[in-house]
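One letter stands for each residue in the lines below.
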Amino acid sequence: MAVESHDLGSLERGLDALEVPVAAKQSPGRRIWRATWPKLVAVALFLGFWQFLIWIQWKPEYALASPEKTFSTLVDNWDVIAEAMWTTLRRGLQGYAMAIAVGVVIGAAVARIPVLRAGIGSMITGLQTMPSVAWYPLALLLFKLSEGAIFFVVVVGAAPAIANGLINGVDNINPVLLRAGKVLGAKRLDSVRYVILPAALPSFVGGLKQGWAFAWRSLLAGEIIGGIAGYSLGQQLAANRDLADAAGVQAVMIVLFVIGVLVDALVFGVAERKIRQRYGLIDAAAT
Amino acid sequence: MTRPSRGTALIGVDGTAPGASAPGAVPASTDYAARLMSTVRIDNVSKVYGVAGASTHALDDITLEVASGEFVCLLGASGCGKSTLLNLVAGLDRASAGTITVGDGAGETRTSLMFQESALFPWLTARGNVELPLKIRKFPKAQRRAKAMELLELVNLGGFADKLPHELSGGMRQRVALARALAQEADVLLMDEPFGALDAMTRDVLHEELERLWTESHLTVIFVTHNVREAIRLGDRVVLLTSRPGRIAEEYPISIPRPRRLDSPEVAELAAGITDRLKDEVRRHGR
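For the protein sequence lines, the chains are A and B, in the order given.
Numbering-wise, the first sequence is residues 1 to 287 according to my numbering.
Numbering-wise, the second sequence is residues 1001 to 1287 according to my numbering.
Be careful, since some hints might not be right.
In silico EDC-like cross-links for lysine to aspartate or glutamate, where the CA-CA straight-line distance does not exceed 20 Å [unchecked claim]:
1. A:Lys-182 to B:Glu-1185
2. A:Lys-39 to A:Asp-242
3. B:Lys-1163 to A:Asp-264
4. B:Lys-1147 to B:Glu-1185
5. A:Lys-182 to B:Glu-1193
Treat the hints as calculated values from the structure; they're not laboratory data.
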């Protein structure tokens, strides 16, 4: 028997060695470069096309400013733009935090309570398809010309996406995992903590990402049409348009674009990649 | 780390329990002896799915006793309700009629269940998975780490403790699942076709490993399979179930001495007889 189990051990080790996938590890530098260069090319192509439109004088200068003029405006007006940017970012984060709180509470309640699901489950999706700008007139009546109106619209815009991410995450848990949790003795809170929440995490983060996009759009829409006092990116866009200052409009748009790309890549991109790797949702060798 | 004491009555190869040698101090001595001898008692259990008129009889009047330390294989074609029976014993589902008693019925005896899919939590490492049942039972961190490592060593996976499930092969995942099931320190291990999805050599290895663990630990095992040879290879007793409704057709005590081989002539000969009986059962449904 001793000989047998020795044989078993070595046979098993052999099988294990053969069956474990061999993943070629890439250095982080190489990975970042591989993800970055196509983006740099895309930006260069875009700038080239923009410059081309200027050369052929497709539109007058007050309607479409050149890249050079836009970037020099960005540098010259940086004080104002930076102040506007911080205000907008602060509002965005504040509103987003509120949206997360509301979305999680609603999502958790709908996911776990059948009556609520029947009642408002489908309405959440309906809400999501409603353009959040449509809420502004009501928000302005409710909250006057204040940040409250903006937060209201941001929450209404973003919370459904966040709630939906959580609901879908809970709905799509592999039933085998729920059964395994039960077999292992996880009841109620333990089951939520050790099985349901971690299993729903990838979908929840997807909802957070979508929620941020909605929040950001709602916020800018509100700042543009809301007319709330003080510098903000939306207010800058509207003011520069009123002055027919195309370079000013474009400079603010570039700031918006850069913020969007950075948040997506650095916050959600990294989070999603980590989660997908952890959960085995992507081939580690392919990234 | 002591397991709750239980009657580790020695069982003959043919499944007969030793005589009622219980301490005579207890008045109802026959009851007491029966409790010592059988870990799982299934009394006249039926399971009906659906409503009257359109109901399916999954299990019909099953009576089965499994002695402590015994290895019983439930064998049957599709639709014999063998998985249903395991779920009932595991407490995942309720019987429509009859009673199931595990241990002395006082809740001291635990069951654990292994599925055909490993059902490992993809976000936890091999060790994290093995630790989870201990975490749920509030073991201190150091203790559950040590215990999990010990169990992984037991299934020869000590070197893979920090791997995620998707980084392991199917056979290795099932061994982690086995270690996780053992971490529950259950008295009864229920196995639902746990090796059904594995290749032949891996399955051979796992048979040997399971047999070794069972021999060393005095576990009681109820093992469901549709593979006749696998049942004979592993079981002290093979219980053949009919399909729709699931009833006990025949019980075969297996007296072939261990260690057995899947491809030995004795196993093959016995398998031929049982397979014929199983085929007759299946044919009945074609008429």
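> Hint numbers the structure violates, sorted upward?
Replying inline: 2, 3
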